[in-house]
Structure formats: structure tokens, C-alpha cells
Amino acid sequence: MSAVFDDKIQTTLADGKLQLAIYTATGRLIEKRRKAIMPEGCPDYQELRTHANAVKRHTIDHLDYYLEEFARNVEAHGGKVVFCKDGQDVADFVLRLAKERGATLIVKSKSMTTEEVDLNERLEHHHLESVETDLGEYIIQLAHERPYHIVAPALHKTREQVADLLTDKLGVARETVIEKQTMIARAVLREKFLSADIGVSGANFLVADSGAVVLVENEGNARLTTSAPKIHIAVAGIEKMIPRAQDLGVFLKLLGRSATGQPLTVYTSFLSGPRRGDEIDGPDEFYVVLLDNGRTKVLADREKRESLYCIRCGACLNHCPVYRKIGGHSFPWIYSGPIGAILTPQFLGVNHEPALPFASSLCGACAEVCPVKIDIPKILLELRSEVKEAEQRQGANRLERIAFRIWAWVMRHPRVYELAGMAAASLAPATDGGAWVRSLRTAIQPTPLRAWLSQRDLPPSPPKSFRQMWRER
Amino acid sequence: MSRDHVLHKVRTALGRSVGQPVEEPPPVRLSMDEVAIEARIECFRARIEALGGKTHRAESMDDACNYVARVLNGRSAVASNSALLRQCGITALAGVESGITDRARLRALCSTTACGITGANYALADTGTLVMLASVQEARMISLLPPVHIALVDRERLLTGLDELLTILPRPADETSSMVLITGPSRTADIEQILVRGVHGPGEIHVVVV
Amino acid sequence: MAARVSLFVTCIVDQLFPKAGMAVVEVLERLGFPVDFPEQQTCCGQPAFNSGYREEARQVARHFLDVFRGAEYIVVPSGSCTSMIAHHFADIFQAEPQYLEQARQLAPKVFEFSQFLLEVAGVEDVGARLDEVVTYHDSCHALRELKVKDGPRRLLSHVRGLELREMDAAEECCGFGGTFSVKFAEVSGGMARNKIDSIVRTGASAVVSVDSSCLMQLQGALSRAGLPIRTLHLAEVLASR
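These protein sequence lines map, in sequence, to chains R, A and X.
First residue of the first sequence? That's 1 in this note's numbering, and the numbers climb one at a time after it.
First residue of the second sequence? That's 1 in this note's numbering, and the numbers climb one at a time after it.
First residue of the third sequence? That's 1 in this note's numbering, and the numbers climb one at a time after it.
Please keep in mind that the hints were generated in silico from the structure rather than gathered at the bench.
Values in this document were obtained by computation on a predicted structure and should not be read as measured data.
Careful: at least some of the hints might be erroneous.
[What the hints assert, rightly or not] DEER-style ranges, computed between Cβ atoms:
{"hint": "1", "chain 1": "A", "residue 1": "Gly-15", "chain 2": "R", "residue 2": "Glu-121", "range": "33 to 39 angstroms"}
{"hint": "2", "chain 1": "R", "residue 1": "Thr-50", "chain 2": "A", "residue 2": "Thr-12", "range": "25 to 31 angstroms"}
{"hint": "3", "chain 1": "A", "residue 1": "Leu-195", "chain 2": "R", "residue 2": "Leu-20", "range": "15 to 21 angstroms"}
[Claimed, not checked] Derived EDC-like pairs (lysine to aspartate or glutamate); straight-line CA-CA distance at most 16 angstroms:
{"hint": "4", "chain 1": "X", "residue 1": "Lys-183", "chain 2": "R", "residue 2": "Asp-7"}
{"hint": "5", "chain 1": "R", "residue 1": "Lys-17", "chain 2": "A", "residue 2": "Glu-192"}
{"hint": "6", "chain 1": "R", "residue 1": "Lys-378", "chain 2": "X", "residue 2": "Asp-91"}
{"hint": "7", "chain 1": "X", "residue 1": "Lys-19", "chain 2": "R", "residue 2": "Glu-472"}
{"hint": "8", "chain 1": "R", "residue 1": "Lys-80", "chain 2": "R", "residue 2": "Glu-285"}
{"hint": "9", "chain 1": "X", "residue 1": "Lys-183", "chain 2": "R", "residue 2": "Glu-400"}
Quick reminder that beta carbons are idealized off the backbone N, C-alpha and C, glycines included.
Use the sequences and the hints to build the structure in full.
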């Protein structure tokens with residue numbers, strides 16, 4: 001794997017406090033989800049998953065139709081749709097609009113899609129102030145860090161670290177009580193909400209038959225972001241589409257439960273345009289930015305297209321034993337965990353981090369909990385074979401390919417296989433009483449053997465193989 | 001233009017042509033349980049209270065009004081233009097401003113007042129949810145800016161759950177630019193997973209079933 | 001006369017844990033099933049498949065299909081190998097209709113050991129006895145791909161003298177994952193240590209599983225930690241008298 005990837009992993013593994021924070025937080029989310037999908041509260045959980053998968057499959061397979069229906073309905077309600085090829089397009093649009101309106105302050109609610117295209121950085125480069133308002137996002141914005149987890153961006157931060165941030169960046173007296181820290185942020189952000197010119201949100205769902213964006217949250221910052229400023233811009237990947245408002249019955253049931261164990265989050269907003277008629281408040285202008293940024297590439301791959309069904313619940317992260325050890329910042333891109341492992345190579349190419357699809361034991365816990373039934377292990381296996389095909393083309397990792405060729409040849413020749421087994425057994429150190437082997441005193445230690453021994457003991461070689469015992473019966 | 005460019009890429013990726021029709025999506029999945037009103041009210045109240053909200057079951061409009069007065073306890077409030085609030089006499093209570101239709105004035109009041117009082121277009125029993133449709137009767141800010149939110153729910157509008165709401169209101173966008181489902185007080189657990197209420201939205205909510 | 005069972009012992013059991021293989025034979029014969037061991041067998045191809053070398057996996061899989069052609073039942077003391085044969089052969093032979101067909105025909109005849117006992121032999125009590133406190137590890141492929149979960153527990157419940165104590169992390173991955181165990185050794189080791197903490201909390205003196213690769217990972221970690229807990233394949237428990 002790349003030195004960068006290895007380094008991040010090792011650093012995270014070595015940080016005992018961080019390990020505990022990740023394990024505890026994901027453990028809580030696992031437990032909350034488990035309770036929320038119990039039959040008493042959710043009798044048809046498995047059917048909901050099957051149904052959601054079918055609706056997503058249909059929508060994604062006919063995405064052009066639904067994008068057009070969505071755009072028509074947004075426009076019918078007085079809003080505008082802006083299609084963007086990439087992050088540059090998104091930034092250009094926001095900057096142009098801000099300039100036309102004389103806007104200087106933007107408030108943002110949580111949106112992984114805007115993080116994906118580094119929107120804040122691009123806006124700040126042009127001297128627009130863009131403030132994150134979700135508490136976790138605000139904290140990491142102050143820290144100049146990426147989100148640690150799709151749903152819980154500041155999962156890795158302790159109250160001491162938050163106290164340091166607030167004092168350093170806001171100049172307030174040091175405060176380590178979490179409730180008080182929250183109130184400090186609340187006061188700062190309230191002032192921003194009420195003076196902001198533009199509110200930028202993401203969208204959990206885009207509803208084609210309504211021209212609406214759906215936002216789910218617990219704090220109220222998304223409501224304020226989309227109601228206080230005169231302009232609301234919702235930024236969403238094109239794959240967030242669902243056909244009908246009535247489909248929310250299934251999707252909202254799955255999203256809250258899978259993400260945080262809530263049947264419904266505190267606020268669910270269904271927004272379909274600027275304020276209309278005699279509505280008293282709400283934005284005067286409403287824009288929905290529909291982003292490609294590589295999604296059409298994923299769409300073109302029939303086998304892996306289901307990667308786009310993701311509703312960003314984060315359940316796969318919580319249940320992944322690898323994520324629970326290496327954490328969100330070890331991953332090379334904005335999306336981490338199992339979904340990140342399959343999206344990153346598809347968006348950025350398998351060469352971006354060739355080891356990423358291999359950073360999994362293929363345990364399948366992710367697929368088991370995915371509310372829309374994305375077969376993540378299957379996609380990881382396909383990506384692995386794509387990595388090896390790329391390596392073959394580039395002439396990289398030749399030794400490994402040769403090793404597997406030899407291995408395959410041996411496995412097609414049973415007699416050779418048996419002899420190879422006997423040879424390996426004879427080279428193995430003698431142990432008494434079948435004790436496992438702690439270390440090898442050989443001069444040459446192939447890397448895999450050394451790697452194995454760095455963590456655990458080796459099994460001793462049995463006196464006879466099974467087939468020898470079978471023959472002697 | 002970018003629209004044509006992106007749509008073209010989508011169609012190419014899917015092997016579809018312009019204007020190609022689409023077969024029916026999987027049928028909508030909504031379940032409709034019959035739950036008696038008494039059970040609904042009980043469930044509704046239990047859910048809200050489990051989330052840290054307070055509820056009251058009013059025997060009459062006067063009772064509702066008295067409860068609200070007790071909650072206000074002399075504090076200032078902004079009330080929405082919901083007919084139910086007027087009928088209950090809440091808009092006439094001391095310290096309650098209502099009848100506001102000017103956006104700037106409403107925002108200024110809501111950002112300084114202690115309590116926001118609203119009706120609710122619907123409520124959902126199985127999750128303890130208030131359904132607010134933005135309109136001249138219900139402004140968005142009243143249930144959002146003040147730290148306390150008091151909502152009056154007409155029991156006739158108390159539905160079993162989200163599925164029933166979506167069944168009777170299949171196209172919320174036809175009615176309003178903003179439909180918000182409110183389930184309990186504002187909260188976060190973003191720092192060390194410790195629960196804090198009243199982050200941005202109201203931290204204290206009172207729901208009166210009339 | 002009970003059906004003839006062909007044993008696919010798996011390369012890891014053959015070379016490193018032959019006693020588990022002999023235990024499978026013993027239990028099957030005790031139940032009246034004649035066991036046949038096609039000696040040309042080697043491997044199911046999973047190591048290559050999981051490492052992204054599909055062509056090499058196909059070569060080994062073709063050999064497997066040739067060796068086991070005509071088998072009535074194939075019993076496998078491994079969840080991951082069973083899953084490779086019964087589910088993933090179809091993935092790798094998409095472009096070879098002849099082998100695809102062979103793989104499809106073979107799939108319903110392939111059984112992980114505990115599945116064979118319960119679904120084909122129709123037996124829960126094999127007359128075993130083992131005086132020990134054990135805990136059970138759900139190996140991932142068996143659990144999630146083959147839906148093997150209650151079966152082994154039911155079989156263990158009839159073993160006289162055996163006490164089964166569930167660990168809280170029973171369904172968590174042991175961290176083996178084939179080459180993952182060496183490519184991401186530290187993460188793999190960390191996962192194993194999580195598991196053994198959970199095992200130790202049960203007070204069991206042995207861990208039981210249907211997959212020897214998991215047992216190898218767990219025993220390696222237990223041994224490194226100096227813990228006197230042993231690992232047993234399900235077959236070894238069921239063969240105990």
C-alpha cells in the first residue's frame with residue numbers, strides 16, 4: 001500500500017485514546033440501530049430493505065427521466081435547477097450568484113457532497129465567508145479537518161480538544177463542559193444565521209414528482225440555513241433521487257434507524273421552492289445544484305452501479321471492524337468506511353490508492369446492515385481484480401503475480417501440491433507438544449511470514465497431512 | 001449547457017435515448033394501520049415525553065389556554081396565525097404577540113422572544129411528530145427561533161404515522177414550499193456522544209392535544 | 001444405505017489441521033455415510049480470487065470441478081470454501097458457459113459440514129461427549145453467506161458435558177480475511193485481540209468454529225498472548241466421545 005495510507009493507519013492504531021473514542025462511538029451507534037430495527041418497533045425491516053433496493057434500482061436505471069421530471073417540478077414552483085459537471089462548476093455558480101447579489105456571508109448545513117468538492121475552500125479563496133452550522137461540522141471547520149464519519153463528523157474529538165479549539169479560534173475563556181461548549185457555538189452561529197445572505201444545504205433525498213429536497217437533522221441548523229437567508233442553494237449528487245414523495249415512507253424509516261437508531265430525526269424538512277403566495281418567511285430564491293463529478297462514470301458500470309444507491313446513513317462504517325480500527329481519516333478521500341472503499345476507486349481511479357479495496361477482510365457486516373442492500377463485498381472483489389489488471393498493464397507487482405501463477409500451477413498438479421506440502425513441513429521448525437511458533441530463526445523470511453509473525457504465532461506443522469492419514473487408515 | 005451535457009452523460013451511461021419512456025416504478029409501499037383515537041393520543045404523548053418534551057391533554061379550549069398561560073409564566077411569546085390559537089384565546093394572553101405577517105418584524109420578534117406558539121397541520125402518533133406546513137397561518141420561524149416551542153394539536157389531525165400522512169397528502173409540494181416534521185426538542189450528540197438539547201432549534205417543547 | 005459423501009477437506013485442513021478432517025470423517029461414518037476422498041483434490045481457488053487474480057482462480061476452480069464431477073454430496077469443513085464453490089464459482093465463470101453450467105449444477109450438492117448434518121443427515125445429536133466450557137465463533141462466510149448460525153449451536157447443545165457460553169463479539173470478524181491478515185497485519189492483529197478479549201470474558205477454555213482459517217487466526221493470537229485457551233473445529237467436538 002502507499003506509504004501515506006500505511007502511515008495514517010499506523011498512527012491511528014497507535015493512538016489508544018482515539019481507538020477508544022472510535023470504538024465507543026461506533027459501538028453506541030450499532031446498539032442504537034439494533035434497538036430501532038427490533039420487530040416491536042419495525043416489524044418489516046427486511047422487506048423495507050428489499051423494497052428500497054428495488055426503488056433505487058429503478059430510479060438509478062432511469063435516472064435521466066427522473067432528473068428531468070425533478071427539474072420541471074422545481075421550476076414549476078419557482079425554483080431553478082443548476083446542473084454541474086464538477087466542483088469547479090458548483091463554486092463558479094455560487095460565486096457568480098453571490099457577486100450578483102452582493103452576498104458576503106454564507107451559512108452551511110451538513111453536506112458531504114459539498115465536502116466532496118471542497119466548496120468552503122473554493123469560496124474562501126474568493127473571500128466569501130462560509131460557516132458550517134452543524135455542531136460537529138463547525139468544530140472540524142475550526143480545526144481545518146475533514147469529517148471523521150459520514151454522520152458524526154467530530155467523532156474523534158474529545159471535550160478537551162473542543163475546548164482548545166473554541167479558545168484558540170474564538171478567543172473565549174476555556175470551557176470543558178460539553179453543554180456549555182454547545183451553547184457557545186449556538187450563540188456564535190445564531191448571529192451568523194440571522195445575518196447570512198445565502199444558505200447552502202445538502203439534500204438527503206431529491207423527490208422527482210415534487211421538485212423537492214428532503215433534509216434530515218437533529219439540531220435545527222438545516223432548518224435555519226434554509227429558512228433565514230433570502231437565498232437557499234441545495235447541493236446534491238444526481239443519485240439522491242427518489243421518484244415520489246410517497247417513497248419517503250420507506251426511505252425515512254430506513255435512514256433514521258440505520259444512522260442513529262431514530263425512527264425519525266428531530267427535523268425532517270421537505271422543501272420545494274422559494275416561499276410562495278402569502279407565506280410569511282422562507283427564502284425568496286431557491287436553487288438546486290445537481291452534481292455529476294464522476295457519478296455518470298459509476299452509472300455506466302452495470303455491475304457496480306448499485307454503489308449509487310447509498311443514502312449516506314453510515315451504518316456500514318459503524319459495523320466495519322476495519323473502520324473501527326483505522327478510523328475515518330485513514331481513508332484517502334472524503335468518504336470513508338466500506339462505502340468509501342468502493343466509491344473512491346470508482347471516482348478517482350483504482351490507481352489512486354490500489355490497496356484500498358484490499359483493506360477489508362470481506363466479513364460482509366456492511367452488506368448485512370446496508371438499508372438499500374448494496375453488495376459491498378462483491379464490489380470490493382471486482383475492484384480487486386481491476387487493481388490486478390491495472391498492475392499487469394503497468395508491469396507493477398510482478399513478483400506477486402508470478403507467485404500466484406506458480407501457486408495456481410501447483411494447485412492443478414496434485415502430486416506437486418503434495419510434495420510442496422511435505423517440503424514446507426520439513427522446513428518448519430520442530431516444536432514439542434505441538435506448541436505454536438513464536439518466531440523463525442531462518443535467514444530468509446518471506447514478507448507474508450514476517451507479517452503474520454508480527455501479530456500472532458504460527459501453527460506447527462502436523463506430523464502427517466490429512467491425505468497421509470487417510471491413506472494409512 | 002451543463003444541463004444537456006450532464007443529461008447526455010447520464011443517458012449514455014444508461015444506454016437510454018432522449019424521451020425514452022420509463023416503465024412503472026415498484027408500487028408505493030405505505031401501510032395503513034387502524035388505531036383508535038385514544039390509543040393514538042396515548043402513543044403520541046408517550047413518544048414526545050420519551051424525547052424530553054412535555055405534553056398536556058386539554059379537556060376544553062379553556063383548559064388548553066390555561067395550560068399555555070402556565071407554561072408562559074409571564075414570559076413573552078410570538079403566536080402564529082393559526083385559527084386554533086385564536087379560538088382557544090391564546091392570542092389574547094398577556095405577552096403574546098400575534099397576527100404578524102411582515103417577515104422582518106416576525107424574525108426580529110422571534111429572535112428575542114422566549115416562546116413560539118403554533119398550531120400543527122397534522123401530528124403523527126407513532127413517532128410523536130408535529131407536521132408543520134408553511135403558510136400565512138404558520139410561519140417557519142415561530143417553531144424554530146425561540147428556545148421554547150408550544151404547539152396545539154387538534155386531535156382530529158392526529159394521524160397514525162408517516163404512512164398515513166403520505167397517503168392523505170401524497171403531494172406536499174402542491175400545498176406549501178416547506179413541510180417540516182418536528183419530533184421532539186432540538187438535540188445533538190456531536191461531542192463525545194453526550195446528549196445536549198436546544199442546540200439551534202427549541203430545547204423545550206410543549207404539545208397540547210385539544 | 002445412506003448416500004455417498006465426497007469430502008473436500010480444503011488445503012488448510014489437509015496441510016495444517018488434519019485432525020479436523022479426520023473428525024469429519026469419523027462423524028460422517030458414525031452416522032452411516034460412506035466417505036470418499038478424491039485424492040486429486042487440492043484447493044477451491046479462493047486465495048487467488050480474493051487477491052484479485054481471477055484467471056488463476058479459474059484455473060484452480062476448473063481443476064476442482066473436474067475432480068468432483070459426478071459427486072452426489074460434497075461436504076466441506078469450511079464456510080469460506082463452501083461459499084467460494086457454491087456462490088463465487090458462478091461469478092468467475094460468467095464468460096465460460098460450460099464451466100458455468102457445471103458450477104451451477106454442483107452448487108446445490110455442496111454443504112458446509114454442519115449444514116450437511118442438519119439438512120441432509122437430519123441429525124442434531126451425534127452422540128458426542130466433551131466435558132468443557134466452550135464459546136462459539138461465527139465465521140463470517142458461514143454466517144453471512146451461508147446463513148449458518150443456529151445450526152452449529154443446536155449441534156453443540158446435544159454434546160453431553162459441554163457448556164456453551166456466548167461471547168458478546170461472536171459475530172465480529174476474527175480478522176483473518178486471507179491475505180488481509182498479512183497485508184494489513186496490524187489491523188488484523190487488532191481485530192484478533194478484540195475477539196480474544198471477548199473470548200476471555202466468557203471464561204471458556206476453548207473456542208469452536210466451522211472454519212479452520214478463523215481458528216488459525218484466533219489460536220495464533222491466543223498463543224501469542226500466552227493464554228491457555230484452545231481452539232477446536234466443530235467436527236472435533238462432535239467426534240469427541
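Hint check:
Evaluation of the 33 to 39 angstroms hint for Gly-15 (chain A) and Glu-121 (chain R) yields a pass: the beta carbon distance comes to about 37 angstroms. In this structure the supplied range 25 to 31 angstroms holds for Thr-50 (chain R) paired with Thr-12 (chain A), their Cβ-Cβ distance being about 30 angstroms. For Leu-195 (chain A) and Leu-20 (chain R), the hinted distance range of 15 to 21 angstroms is satisfied, since their beta carbons lie about 19 angstroms from each other. Annotation: proposed proximity of Lys-183 (chain X) to Asp-7 (chain R) holds, straight-line Cα distance about 14 angstroms (limit 16 angstroms).
The suggested pairing of Lys-17 (chain R) with Glu-192 (chain A) holds, with an alpha-carbon distance near 12 angstroms, which does not exceed 16 angstroms. Between Lys-378 (chain R) and Asp-91 (chain X) the alpha-carbon distance is near 9 angstroms, which keeps this suggested pair within the 16 angstroms criterion. Annotation: proposed proximity of Lys-19 (chain X) to Glu-472 (chain R) holds, straight-line Cα distance about 14 angstroms (limit 16 angstroms). Proposed proximity of Lys-80 (chain R) and Glu-285 (chain R) is supported: the alpha carbons are some 8 angstroms apart, at most 16 angstroms.
Restraint check for Lys-183 (chain X) and Glu-400 (chain R): the C-alpha separation of about 12 angstroms stays at or below 16 angstroms, so the hint holds.
In summary, this structure violates none of the numbered hints.
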